[in-house]
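Colleague: Sequence:
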Amino acid sequence: MFYFNLYDDKRLKGLKQSEKMEIVNSAVKQFREDKPINISRRLLIMFLWCGIPALVFLILFNFGFAIGWFALSILILGIKTANDESAEIEPYLDKVLE
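Residue 65 in our numbering is what sits at position 65 of the sequence shown, and the numbering runs on without skipping anything.
Take these hints with a grain of salt, some might be off.
Computed cross-link-like contacts, DSSO-like style, restricted to lysine-lysine with a CA-CA straight-line distance of at most 27 Å [as the list claims (entries may be wrong)]:
(1) K80 to K13
(2) K29 to K16
(3) K20 to K80
(4) K20 to K35
(5) K29 to K10
(6) K35 to K95
(7) K10 to K80
(8) K10 to K20
(9) K16 to K95
(10) K29 to K95
Just so you know, the hints here were simulated from the structure itself, not pulled from any lab data.
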């Protein structure tokens, strides 16, 4: 996922990119152990925000436009979900840095 806010954290400033990735990935793994992903909720959100508009575009326009919307909306949804979770992962980032 796209945890841009965590990679740009001021506590990780002097580190190399590979070290930042390792620290952020460790924090995300610890977060996922405590709060696992609810797959059914994620699929429902993906269907509502990506699938239904893609079906409407398929009916109204053409197949290429529907596929393009589906791919773009999945990317945007992934970035939005990661940004929403970044605030919850920050305490785990503190644990990894200690």
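Colleague: Now look at each hint and say whether the structure bears it out.
Modeller: Against the structure, the hints:
Distance hint between K80 and K13 is fulfilled; the C-alpha atoms sit about 24 Å from each other, no more than 27 Å. Using a Cα cut-off of 27 Å, the hinted pair K29 and K16 holds, with the two alpha carbons roughly 20 Å apart. Restraint check for K20 and K80: satisfied, since their Cα atoms lie roughly 21 Å apart, inside the 27 Å limit. Of the pairs offered as hints, the one joining K20 and K35 holds, with about 22 Å between alpha carbons and a cut-off of 27 Å not exceeded.
This hinted pair checks out: K29 and K10 have alpha carbons roughly 21 Å apart, not beyond 27 Å. Distance hint between K35 and K95 is fulfilled; the C-alpha atoms sit about 16 Å from each other, no more than 27 Å. Proposed proximity of K10 and K80 is supported: the alpha carbons are some 21 Å apart, at most 27 Å. This hinted pair checks out: K10 and K20 have alpha carbons roughly 11 Å apart, not beyond 27 Å.
Between K16 and K95 the alpha-carbon distance is near 19 Å, which keeps this suggested pair within the 27 Å criterion. This hinted pair checks out: K29 and K95 have alpha carbons roughly 12 Å apart, not beyond 27 Å.
Violated hints for the displayed structure: none, as all numbered hints are satisfied.
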